[in-house]
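Trainee: Order-wise, the sequence lines are chains A and B. Just so we're aligned, residue 1 is where the first sequence starts under the working numbering, counting upward by one. Just so we're aligned, residue 116 is where the second sequence starts under the working numbering, counting upward by one.
If you're looking for bench data, these hints aren't it; they were derived computationally from the structure. Just so you know, not all the hints are guaranteed correct.
Unchecked claim - Quick list of simulated restraints, FRET-style, between CB atoms:
(1) A:GLN71 / B:VAL228: 43 to 53 Å
(2) A:GLU64 / B:VAL228: 40 to 50 Å
(3) B:ILE169 / A:GLU15: 40 to 50 Å
(4) B:GLY212 / A:ALA14: 36 to 46 Å
(5) A:ASN55 / B:GLY212: 18 to 28 Å
(6) A:GLU15 / B:GLU174: 36 to 46 Å
Computed from a predicted structure; not experimentally measured. Every residue, glycine too, gets a C-beta built ideally from N, C-alpha and C.
So you can see what is in the structure, the chains are spelled out below.
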Amino acid sequence: AQSVAQPEDQVNVAEGNPLTVKCTYSVSGNPYLFWYVQYPNRGLQFLLKYITGDNLVKGSYGFEAEFNKSQTSFHLKKPSALVSDSALYFCAVRDHNTNAGKSTFGDGTTLTVKP
Amino acid sequence: NAGVTQTPKFQVLKTGQSMTLQCAQDMNHEYMSWYRQDPGMGLRLIHYSVGAGITDQGEVPNGYNVSRSTTEDFPLRLLSAAPSQTSVYFCASSPGGPNTEAFFGQGTRLTVV
Numbered sequence: 001a002q003s004v005a006q007p008e009d010q011v012n013v014a015e016g017n018p019l020t021v022k023c024t025y026s027v028s029g030n031p032y033l034f035w036y037v038q039y040p041n042r043g044l045q046f047l048l049k050y051i052t053g054d055n056l057v058k059g060s061y062g063f064e065a066e067f068n069k070s071q072t073s074f075h076l077k078k079p080s081a082l083v084s085d086s087a088l089y090f091c092a093v094r095d096h097n098t099n100a101g102k103s104t105f106g107d108g109t110t111l112t113v114k115p
Numbered sequence: 116n117a118g119v120t121q122t123p124k125f126q127v128l129k130t131g132q133s134m135t136l137q138c139a140q141d142m143n144h145e146y147m148s149w150y151r152q153d154p155g156m157g158l159r160l161i162h163y164s165v166g167a168g169i170t171d172q173g174e175v176p177n178g179y180n181v182s183r184s185t186t187e188d189f190p191l192r193l194l195s196a197a198p199s200q201t202s203v204y205f206c207a208s209s210p211g212g213p214n215t216e217a218f219f220g221q222g223t224r225l226t227v228v
């Protein structure tokens with residue numbers, strides 16, 4: 001079985017400050033990890049993914065995420081937050097043995113960036 | 116290239132009515148999925164398909180049927196709507212393989228009264 005936890009329902013940061021959105025996961029095998037963003041009344045958009053290799057993954061809009069196998073975490077980060085980054089963020093995981101249709105998503109974290 | 120297209124965007128049903136949520140993708144993706152999104156519960160997988168003619172149940176399949184007669188289309192059917200099915204429904208597709216990201220439609224907001 002696979003699972004994802006996003007321990008924070010809400011993250012508030014000031015514009016220009018660094019941001020972190022946390023994600024921890026559980027899979028039986030090697031994980032494939034994804035971050036998606038959802039703006040109001042829109043579908044989810046892919047931000048970045050970890051497949052293998054370098055633990056620091058860079059993605060769209062200046063976001064990056066760090067894979068930590070020992071802590072089973074995949075936290076989303078950005079060095080300098082923008083007001084336009086305010087949205088709902090989802091972490092998702094797949095076991096490398098599962099098929100592509102079966103992702104498990106976290107409950108989401110609402111990021112609010114204040115001017 | 117339209118990506119993943121869902122229709123309708125909004126729908127109100129009475130309890131016991133049936134309807135079909137449409138999903139089409141023009142990216143020739145093998146894998147397609149239906150999720151429902153409820154406040155505080157993230158996305159939960161309803162049904163998925165790994166190719167035309169092949170479907171399987173996800174986490175919350177009860178009350179929903181699917182079929183996949185073509186690569187492009189993956190409709191979700193509610194046979195007898197219940198208020199518990201009030202939700203936002205998302206269709207997603209991906210090229211195939213567990214390391215590929217999903218492409219989502221814009222969602223259908225369904226209210227069952």
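Trainee: Find the hints from earlier in the document that the structure breaks and name them by number, from lowest to highest.
Mentor: No hint contradicted; all consistent.
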